[in-house]
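Colleague: What follows is each chain in one-letter form.
2 protein chains.
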Amino acid sequence: MRSSTRKIMIGNIAVGGGAPIAVQSMTNTDTRDAAATAAQINELAAAGCDIVRVAVVDHDAALALGKIKAQISVPLVADIHFDYRLALTAIEQGVDKLRINPGNIGSRSKVEAVVKAAQANKVPIRVGVNSGSLAEWAVEKYGHTPKAMVESALEHVKILEELGFEDIVISLKATSVPFTLDAYKIISELVDYPLHIGITEAGTKWFGSIKSAVGIGALLAAGIGDTIRVSLTGDPVEEVRVGWAILQALDLRHRGPVFISCPTCGRTKINLEKIVQEVEEKLSHLTKPLKIAVMGCEVNGPGEAREADLGIAGGNGVGLVFRKGKIIRKVTEDELVSALVAEALKLEQEDQ
Amino acid sequence: MRSSTRKIMIGNIAVGGGAPIAVQSMTNTDTRDAAATAAQINELAAAGCDIVRVAVVDHDAALALGKIKAQISVPLVADIHFDYRLALTAIEQGVDKLRINPGNIGSRSKVEAVVKAAQANKVPIRVGVNSGSLAEWAVEKYGHTPKAMVESALEHVKILEELGFEDIVISLKATSVPFTLDAYKIISELVDYPLHIGITEAGTKWFGSIKSAVGIGALLAAGIGDTIRVSLTGDPVEEVRVGWAILQALDLRHRGPVFISCPTCGRTKINLEKIVQEVEEKLSHLTKPLKIAVMGCEVNGPGEAREADLGIAGGNGVGLVFRKGKIIRKVTEDELVSALVAEALKLEQEDQ
Numbered sequence: 009m010r011s012s013t014r015k016i017m018i019g020n021i022a023v024g025g026g027a028p029i030a031v032q033s034m035t036n037t038d039t040r041d042a043a044a045t046a047a048q049i050n051e052l053a054a055a056g057c058d059i060v061r062v063a064v065v066d067h068d069a070a071l072a073l074g075k076i077k078a079q080i081s082v083p084l085v086a087d088i089h090f091d092y093r094l095a096l097t098a099i100e101q102g103v104d105k106l107r108i109n110p111g112n113i114g115s116r117s118k119v120e121a122v123v124k125a126a127q128a129n130k131v132p133i134r135v136g137v138n139s140g141s142l143a144e145w146a147v148e149k150y151g152h153t154p155k156a157m158v159e160s161a162l163e164h165v166k167i168l169e170e171l172g173f174e175d176i177v178i179s180l181k182a183t184s185v186p187f188t189l190d191a192y193k194i195i196s197e198l199v200d201y202p203l204h205i206g207i208t209e210a211g212t213k214w215f216g217s218i219k220s221a222v223g224i225g226a227l228l229a230a231g232i233g234d235t236i237r238v239s240l241t242g243d244p245v246e247e248v249r250v251g252w253a254i255l256q257a258l259d260l261r262h263r264g265p266v267f268i269s270c271p272t273c274g275r276t277k278i279n280l281e282k283i284v285q286e287v288e289e290k291l292s293h294l295t296k297p298l299k300i301a302v303m304g305c306e307v308n309g310p311g312e313a314r315e316a317d318l319g320i321a322g323g324n325g326v327g328l329v330f331r332k333g334k335i336i337r338k339v340t341e342d343e344l345v346s347a348l349v350a351e352a353l354k355l356e357q358e359d360q
Numbered sequence: 009m010r011s012s013t014r015k016i017m018i019g020n021i022a023v024g025g026g027a028p029i030a031v032q033s034m035t036n037t038d039t040r041d042a043a044a045t046a047a048q049i050n051e052l053a054a055a056g057c058d059i060v061r062v063a064v065v066d067h068d069a070a071l072a073l074g075k076i077k078a079q080i081s082v083p084l085v086a087d088i089h090f091d092y093r094l095a096l097t098a099i100e101q102g103v104d105k106l107r108i109n110p111g112n113i114g115s116r117s118k119v120e121a122v123v124k125a126a127q128a129n130k131v132p133i134r135v136g137v138n139s140g141s142l143a144e145w146a147v148e149k150y151g152h153t154p155k156a157m158v159e160s161a162l163e164h165v166k167i168l169e170e171l172g173f174e175d176i177v178i179s180l181k182a183t184s185v186p187f188t189l190d191a192y193k194i195i196s197e198l199v200d201y202p203l204h205i206g207i208t209e210a211g212t213k214w215f216g217s218i219k220s221a222v223g224i225g226a227l228l229a230a231g232i233g234d235t236i237r238v239s240l241t242g243d244p245v246e247e248v249r250v251g252w253a254i255l256q257a258l259d260l261r262h263r264g265p266v267f268i269s270c271p272t273c274g275r276t277k278i279n280l281e282k283i284v285q286e287v288e289e290k291l292s293h294l295t296k297p298l299k300i301a302v303m304g305c306e307v308n309g310p311g312e313a314r315e316a317d318l319g320i321a322g323g324n325g326v327g328l329v330f331r332k333g334k335i336i337r338k339v340t341e342d343e344l345v346s347a348l349v350a351e352a353l354k355l356e357q358e359d360q
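In order, the protein sequence lines correspond to chains L and Y.
The opening position of the first sequence corresponds to residue 9 in the working numbering, with each subsequent residue numbered one higher.
The opening position of the second sequence corresponds to residue 9 in the working numbering, with each subsequent residue numbered one higher.
Think of the hints as simulated: they come from the structure by calculation, not from any bench.
C-beta: ideal position from N, C-alpha, C; glycine also.
Possibly wrong hints are sitting among the right ones.
Per label pair, the in silico range of CB-to-CB distance [unchecked claim]:
| hint | chain 1 | residue 1 | chain 2 | residue 2 | range |
| --- | --- | --- | --- | --- | --- |
| 1 | L | Lys75 | Y | Asn50 | 38 to 44 Å |
| 2 | L | His293 | Y | Val147 | 47 to 53 Å |
| 3 | Y | Asp259 | L | Trp145 | 24 to 30 Å |
| 4 | L | Gly114 | Y | Ile336 | 56 to 62 Å |
| 5 | L | Ala22 | Y | Leu294 | 57 to 63 Å |
| 6 | Y | Asn50 | L | Lys290 | 53 to 59 Å |
| 7 | Y | Gly172 | L | Gly25 | 34 to 40 Å |
| 8 | Y | His152 | L | Arg14 | 32 to 38 Å |
| 9 | Y | Lys282 | L | Gly102 | 34 to 40 Å |
| 10 | Y | His262 | L | Asp259 | 41 to 47 Å |
| 11 | L | Gly26 | Y | Asn20 | 31 to 37 Å |
| 12 | L | Arg14 | Y | Asn324 | 39 to 45 Å |
| 13 | L | Arg14 | Y | Gly172 | 53 to 59 Å |
| 14 | L | Ala22 | Y | Gly114 | 35 to 41 Å |
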């Protein structure tokens with residue numbers, strides 16, 4: 009089902025070629041502050057971020073990359089606009105990937121210098137075009153369309169290919185979801201480079217999460233996308249949480265418990281919302297994938313809860329705890345949360 | 009691009025046949041409490057809910073439907089399991105749609121009684137199968153698969169068709185997104201009845217919103233789905249907000265302001281998160297669709313903000329306000345929110 013792409017290595021993380029879809033994020037610290045940046049990267053890694061990008065705005069930021077690298081264990085990507093010297097310094101400092109558009113850094117000799125250094129150090133390059141930065145010639149030829157975005161990216165890709173460099177990832181992020189979907193669908197037919205997918209400037213934490221879930225989810229469901237980044241305004245740890253939730257929703261990767269719970273309705277006889285929130289909080293530190301169902305009624309509850317690793321179904325103040333299809337306990341409503349949590353902790357310990 | 013379906017009327021709301029995709033939700037009040045139920049329905053309608061469903065668990069709940077109808081203006085759907093008498097009473101009480109599976113209500117004469125009453129009163133019927141309630145024969149034949157869910161639904165549909173009743177909507181909700189996607193893709197090739205789409209028991213407010221956005225979004229992006237319901241544990245008003253956000257993300261329907269904002273990064277020089285949250289709060293009551301961009305840097309900011317009806321791009325404590333591509337004000341960071349809000353209110357008033 010998934011589009012086949014070639015595999016490239018970003019540090020020790022494989023992207024494309026059937027590798028697990030990698031979750032990325034970007035720091036919002038001042039990159040020149042190596043300690044603060046490394047601390048945020050480690051927070052992101054703890055939340056499940058596979059690859060972290062940092063903005064490299066000047067020479068001091070580029071020089072900080074080595075110090076940052078020394079304090080982290082996830083691959084580091086340097087995001088660079090226009091200045092090829094920053095790219096050379098970033099490579100010297102040991103970054104694992106560059107995000108740079110070779111068509112925007114000037115003369116052929118500058119491009120060659122960057123590509124040679126990247127080649128020598130096995131540093132892949134991501135070409136990233138977004139809807140605010142299409143090439144003028146492409147817009148003239150195709151209008152402000154997904155096709156123009158694709159052609160803008162391919163122009164950068166061609167520059168790299170002409171220099172024998174094919175260690176490439178491509179991203180085509182628009183703020184419009186339909187625009188983004190069309191662009192990735194077009195390019196996935198044209199090249200086999202791994203695709204980094206996302207919706208750019210998605211918005212506030214709430215709307216941006218939903219918009220990213222729609223856009224990234226629709227692409228992944230169509231078999232497109234090798235690595236994802238959710239772009240939100242605010243704490244990047246939230247980007248990682250949403251990224252994982254999208255992968256979990258599509259059964260593509262799992263980390264920690266996933267909750268199934270029914271919408272409360274007139275048939276609900278237990279305080280489901282309170283129960284689910286308590287359970288989610290008490291189990292949020294688990295990393296083993298567990299499917300946990302919290303159901304509020306007899307009509308659909310037991311049927312659904314049986315599909316889960318662990319489940320409860322309640323009614324009239326009492327509840328049943330299921331484990332892998334078997335009823336293991338009958339408890340009062342008050343005891344439901346602690347009974348479920350205890351069973352989840354048992355499962356987390358097993359096979360470890 | 010959208011799958012073509014026949015149009016049916018649920019009260020005054022068209023579903024299918026190219027009609028705008030309707031947003032649905034379900035009350036979680038006790039339906040027998042007509043005042044509380046009507047109050048919640050009116051809250052849902054104010055949030056943009058087009059059609060509201062209520063659980064009808066017994067005769068008293070069915071008798072309350074008329075009182076509820078008298079206090080609301082959106083179409084009302086009665087959700088009934090097993091008992092055909094509740095369906096007859098619901099129709100007498102003036103409901104606009106039934107959600108009932110005719111194969112589960114007993115003898116042919118009972119089914120005929122319901123179908124005749126529905127026909128006489130122009131009340132459509134939604135056949136809804138979910139992953140916890142597949143027909144046993146279908147599971148034996150096809151395993152616990154999307155195909156078995158489709159065949160379970162078509163069995164109910166056939167009963168209606170044999171009685172000359174084709175005023176049908178179908179839903180096939182699973183807790184698994186890939187399972188749901190496959191089921192709807194199969195059925196959309198087989199019938200042209202409008203499809204009510206959603207992910208059942210999606211989970212907690214946060215994860216359930218993302219999971220629903222992925223599942224409903226992927227289906228809508230593939231051209232499938234005529235009406236949607238997001239199922240969340242908790243306040244159903246949140247279901248409506250998420251439903252609208254999904255439609256907005258795909259540019260399928262618009263209501264109120266949509267915010268585009270960039271992920272903060274090392275280049276961000278204004279307090280973007282605070283600004284966006286303030287703006288979102290101050291403009292949340294608007295209903296006119298407006299695309300508002302709040303950008304934190306010079307690299308992508310102005311390019312993106314120009315696409316929006318209204319936008320700000322900031323850097324170094326100052327900010328520019330754009331309106332439909334033109335810079336209209338240059339203000340300090342402190343004035344950005346009030347300047348943007350003032351312009352948005354002006355736009356809301358125009359053409360009204």
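Colleague: Confirm or reject each hint.
Modeller: Here is what the structure says about each hint:
As the Cβ distance of Lys75 of chain L to Asn50 of chain Y is approximately 59 Å, the hint placing it in 38 to 44 Å is violated. The hinted range of 47 to 53 Å is not satisfied by His293 of chain L and Val147 of chain Y, whose Cβ atoms lie roughly 37 Å apart. At about 27 Å, the CB distance of Asp259 of chain Y to Trp145 of chain L agrees with the hint of 24 to 30 Å. Gly114 of chain L and Ile336 of chain Y have their C-beta atoms about 35 Å apart, which leaves the hinted 56 to 62 Å range violated.
Judged by the Cβ atoms, the range 57 to 63 Å given for Ala22 of chain L and Leu294 of chain Y is violated: they are separated by roughly 46 Å. Distance hint for Asn50 of chain Y and Lys290 of chain L: a CB-CB separation of about 36 Å, inconsistent with the stated range 53 to 59 Å. Hint check: Gly172 of chain Y to Gly25 of chain L, Cβ distance near 55 Å, so the stated range 34 to 40 Å is violated. Checking the proposed 32 to 38 Å range against His152 of chain Y and Arg14 of chain L shows it holds: the Cβ atoms sit about 36 Å from each other.
Distance hint for Lys282 of chain Y and Gly102 of chain L: a CB-CB separation of about 35 Å, consistent with the stated range 34 to 40 Å. Checked against the given bound of 41 to 47 Å, the beta carbons of His262 of chain Y and Asp259 of chain L, roughly 31 Å apart, lie outside it. Taken as a hint, the range 31 to 37 Å is violated for the pair Gly26 of chain L and Asn20 of chain Y, whose Cβ atoms sit roughly 51 Å apart. For the hinted restraint 39 to 45 Å between Arg14 of chain L and Asn324 of chain Y, the CB-CB distance of approximately 42 Å keeps it satisfied.
Checking the proposed 53 to 59 Å range against Arg14 of chain L and Gly172 of chain Y shows it holds: the Cβ atoms sit about 57 Å from each other. Taking 35 to 41 Å as the suggested C-beta distance range, the pair Ala22 of chain L and Gly114 of chain Y does not conform, at roughly 57 Å.
The structure does not agree with the numbered hints 1, 2, 4, 5, 6, 7, 10, 11 and 14 stated previously, though it agrees with the rest.
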